[in-house]
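Q: Each chain is listed here by its residues.
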Amino acid sequence: MTWALVFLALIMALVVGYLLSQTINRKPWLANDPLENLPSGMPQSISPSKLGLGVLLAVITSMFGLFFSAYVQRMELNDWSRVQEPSILWVNTVVLVLASVAMNQALRGARRDDVLATRRALIAAGLLSFVFLAGQLLAWDQLRDAGFYMRGNPAAAFFYLLTAIHGFHLIGGLWVWGRTSSRLRGAENVGEFRLSVELCTVYWHFMLLVWLFLFALLLNT
Amino acid sequence: MAYVAIADRDDPHAMHHPKSFVTRYIWSQDHKVIAIQYSLIAIAVGLVALVLSGMMRLQLGFPDTFSFIDPADYYQFITMHGMIMVIYLLTALLLGGFGNYLIPLMVGARDMVFPYMNMLSVWVYLLAVIVLMASFFVPGGPTGAGWTLYPPQAISEGTPGASWGIILMLLSLAIFIVAFTMGGLNYVTTVLQARCRGMTLMRMPLSVWGIFMATVLGLLAFPALFVSAVMMALDSLIGTSFFMPAIVSLGETSSHEGGSPILFQHLFWFFGHPEVYIVALPAFGIVSDLLSTHARKNIFGYRMMVWAIIAIGGLSFVVWAHHMYVSGMNPYFGFFFATTTLIIAVPTAIKVYNWILTLWRGDIHLTVPMLFSIGFIFTFIHGGLTGLFLGNVVVDVPLSDTYFVVGHFHMVMGVSPILVIFGAIYHWYPKITGKMYNDFLGKAHFWLTLLGTYSIYLPMHYLGILGVPRRYFAMGTTDFIPESAQAMNAGITISAIIVAVVQVIFIVNMIWSYFKGKDAGGNPWRATTLEWQTPQTPPEHGNWGEKLPVVYRWAYDYSVPGAKEDFIPQNEPPEPGVVAGREHGVEHT
Amino acid sequence: MAIAVVLILLVVGSVIFHFWSPWWFTPIASNWGMIDDTVNLTFWVTGIVFVLINLFMAYCIIRFRHRKGNKAAYEPENKKLEIWLTVITSIGVAALLAPGLLVWAKVVTVPEGAMEVEAVGQQWAWSYRYPGNDGVFGTTSIRHVTAKNPFGVDPDDPNGQDDVLVDGKHMHLPMGQPVKLLLRSKDVLHNFTVPQFRVKMDLVPGMVSYIWLTPTRTGKFDVLCEELCGLAHFAMRSKVVVQEQNDFDAWLATQPTFASATERMEPDLASGQASYAVCGACHGAQGEGNAMLNAPKLAGQNSWYIEQQLKNYKSGVRGYHEGDIYGRQMAPMAGTLVDDKAIANVSAYIATLPEKRVSDTIIGNTRRGKDLYRTCGTCHGDDGRGIWATHAPRLKNMDDWYLKRQLENFKAGIRGSHPDDPFGQQMVLMSPILGDEQAIDDLVAYLGAL
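Residue numbers (this note's numbering), protein chains in the order written: chain G, 37 to 257; chain L, 3 to 591; chain A, 730 to 1179.
Bear in mind the hints are in silico, worked out from the structure with no lab data behind them. The model shown is predicted, which means the values in this text are computed figures rather than measured ones. Note that CB positions come from ideal geometry on N, CA and C, so glycine has one too. The reader is advised that the hints may include incorrect statements.
As the list claims (entries may be wrong) - Label pairs and their computed distance ranges (CB to CB):
1. F138/L <-> A988/A: 44 to 54 Å
2. S69/L <-> I1054/A: 22 to 32 Å
3. G742/A <-> T25/L: 53 to 63 Å
4. T25/L <-> R148/G: 38 to 48 Å
5. V212/G <-> R1096/A: 51 to 61 Å
6. S69/L <-> N114/G: 42 to 52 Å
7. L239/L <-> R1096/A: 24 to 34 Å
8. A252/G <-> K949/A: 56 to 66 Å
9. T25/L <-> S750/A: 55 to 65 Å
10. T479/L <-> R1057/A: 14 to 24 Å
Could you build the full structure based on these sequences and the hints that come with them?
A: See below:
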């Protein structure tokens, strides 16, 4: 559980640190400042959607952290035997990195208000993600052909489970991606979609990060 | 995402007020309607759990009498009772119900930040409840594994509902977690992003603080339950060995190999302990506001109260294994977890002191919400102190898995939060419906509930010290349990039946008052917080009419020296000459 | 105002209840008196806090209740008071924690030279293993567990041959000798609890957990399972007998070892057939049973069950009760079998007798019987075939009049209430779910239809 603890300690430290910075040294019963000095409740620097996404990512981080932690704890038991990771995973990793890069391009396009460039990059990112998912399915196939099933080998069971969970999260992202890119089709300017593109980009980078972490874990154990 | 960022705009017309009955009351995106929906579903499913507890009390109080309760039924009743009460009633009612109703009103927002997701949350929650209830009707019935669902027994033959029931339970939990996450995203984002002008964090009422911190805990802790549910479902359905070791169950050799049942327990309690505070923190916050309002006095030590909530939230993640002192885990963990667990007693004790010091030099109106709050303090002190027994590893060992544990957790996380919930319902009923409840019925409900529940759970602790184990269908004969203990058990059952029946008073009061109650007016308690300052009662869609409120002071300006009234609403601009605190505030530094 | 009075009454009532109620720790029988001391310390500290805080709250309510013209004080905080309260609370908590941790250090540290005994849990019975003369346990594996090797001892391990096996009987411990209990489960989680010993621990399949203690008092104490382990969790009982060292040694010498138990597994059918001649007089030459003589059908019954029952009859564990008329007839007959070997042989012979369909004599509602059977089927098998692991005999195609009589006997405590009959006791605990005679008839009728 140490892994989960480290993750959660970090998140909790962030939460507690933020809250303390907001609350320490305040004596609310004294603060009768003139109206002009009152902070408006909503800081303008960050939109609610971004904050919402941030909270969602914290939840997903907690979940993966706990999966990893379960993985490490299960690994310490004596029936653990290593799985030979399919080599296609390296290709998949490159594809997912490219998808992330394409997302970044889309975001740049959106910032320049270049509808066409945004759309192209966005679609490239989506397609690359589909390629990644197909590659993951191939990896499953290879692993099965090599005789690793969910039954009998806990390392293989974790491999299927964790890649599946990661894949489902990517599919969830692709659903939002699909909505964004189809709406962008008839759009004159990026304007109102910039936020969606931005959120997609953050999510894709996050999914890449989770995958790199996961891949490193699988490779090393 | 078109709904985003309307919650904090002045212009109410952007909200597209719903026109038809369906969009107003069923597919509603209004946080107040969603809150009512959450509450009604939670109370309905809670009544099912109440009936189940009555059935098991019948068996325990009068064994060999009711032939319609066989051991399988009994274990299914305790499992479903526990799970429903903890997750589907308490968590859903406190966060989905009160969280939804209070957060936007108390922080001065028009609605939640993501109303559409908020609406999805309640319907997904309903789906989770339906899946759970469906397990009563599948072959083998619901799971009888105990609410902790420990493998291997949860998924091996020899436990009722080991095939269908447990799978539906796990599925329902996973769905519930999705619903909770959708709601939780809203509560956190709304508190952080949609507060009205002037509403700094330290001006928020403690109710919002408690609900906010509980939501943060829930968002981080529920994934642990999700993870363990997914892995256990795979162990059961596909035959993986995450949690399942090689076993010979009822003469049959299983195909599993090498899994760790203790791993499940770690994951479960990593969720399960914060869950206690997910239920407790909103109750702590709400009861603080009830005490302050009805004692006409600011909450004592507001800052300490806030920090205690934060500290309890942080610490609750490092105490989980105190549920596992006798689980066979490395016994040296006991030193660490006993220490962290007893440390958490300090901020909790501070909260109790501050509640009572709020009464000190107050002007205590013994209204129904106040009575329930006082009842809460009493039962919470009792439950908290018995927690010091079970948290201290060596004291826990003889008491673990006995009725002492049952008595403890019912006192601290059953009776206490329920008393707060009742108090809160009576307190906000006039705002929600515009009508006042019947005072006599409310008081009768309080007395019967408090005295009844105490007479149920106090004796249970002593049965536990005697050594009566929990989760026993029948005790049979033993050499250490005297006849008198069985008589006590019968007495407990009679109290339990009475307590269950008197809840009818509450339901009657709610329904009767809704149609026949006196008009309550907008602010019957003369309270300071924003929800009492809405232009209409009950508040309409959008809450605030044309203009959002502006907040000039904290939530506890009661009995300010020099003020005309004994309360100053948060949105009342400062009057020249009456500046609370500066001149009159007592400051001990 | 009433609430203040009630609070005071509740506090006073709780204190009175605490001192006057007859329910407290059962007298201790181990060296863990210091666990009781920490519990008592916690009681005193928390009890005083409980009384003081609640009385103070009651005082506040009386003193500051609303009266006309009252006004509350305005006091946002009082740092000094809050710091004092925090410090005092921390000291109180530390005063509870420190002794607790010191005692816990003793609980987890097993003294040198402690005797090792293994307690094995399974659904829903306890069995025990002693290391034998060499003082070393043979290794075990769940994969070795069969009906003939219920402990799963590795047959090739020389250390295991002299292991003493106590299956389905009580555990014995010598007084005054520190003992380390190794806890092992064959199926699900269990928990080894003897209330008089105070210490307890879960049994977890796939690993071995432990507790240690020194028995300080001779006597017979209940062993309970305190971790929910399935349908018959509450019926998973055993006893531990604490006796003087000499008595313990004498008892241990009479118990079978792994080697001797394995050896006896090869039965002599011819000798069994010869012994059966006596039985056949009543039970029929083919074991078909004879209702007129109240002798049930034996053919088709599991041999391990017949063997166990013959031993029970012989040792007075069954057929001793005055109400058990036919059992009392059987007891002296079982006595004619000279030793365990003879019993094993005749049981094995009975298992070879040909199976015949019995005739139904009892009419009942089989649909209701099926509902009732869902509890029974957990141990006896859905199809009533009998399961060796739960020591539950076959019920399918057995004489219905006999089943009915036995169920009535269990309900009345005529059978199964002997302290040395743990599986009979399970039936005593289970049989009350058959509320009346009609329920028994329904159940038996359902069994006849299997």
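Q: Please go over all the hints and tell whether each is borne out by the structure.
A: Structure-based check of all given hints:
1. F138/L <-> A988/A: 44 to 54 Å: Since F138/L and A988/A have Cβ atoms about 52 Å apart, the given range 44 to 54 Å holds.
2. S69/L <-> I1054/A: 22 to 32 Å: holds, 27 Å
3. G742/A <-> T25/L: 53 to 63 Å: holds, 54 Å
4. T25/L <-> R148/G: 38 to 48 Å: Cβ of T25/L to Cβ of R148/G: about 40 Å, so the range 38 to 48 Å holds.
5. V212/G <-> R1096/A: 51 to 61 Å: holds, 54 Å
6. S69/L <-> N114/G: 42 to 52 Å: Between S69/L and N114/G, where Cβ atoms are some 48 Å apart, the hint holds.
7. L239/L <-> R1096/A: 24 to 34 Å: holds, 31 Å
8. A252/G <-> K949/A: 56 to 66 Å: Since A252/G and K949/A have Cβ atoms about 59 Å apart, the given range 56 to 66 Å holds.
9. T25/L <-> S750/A: 55 to 65 Å: At roughly 59 Å between Cβ atoms, S750/A and T25/L fall inside 55 to 65 Å, so the hint holds.
10. T479/L <-> R1057/A: 14 to 24 Å: Holds - the Cβ-Cβ distance for T479/L and R1057/A, about 23 Å, lies within 14 to 24 Å.
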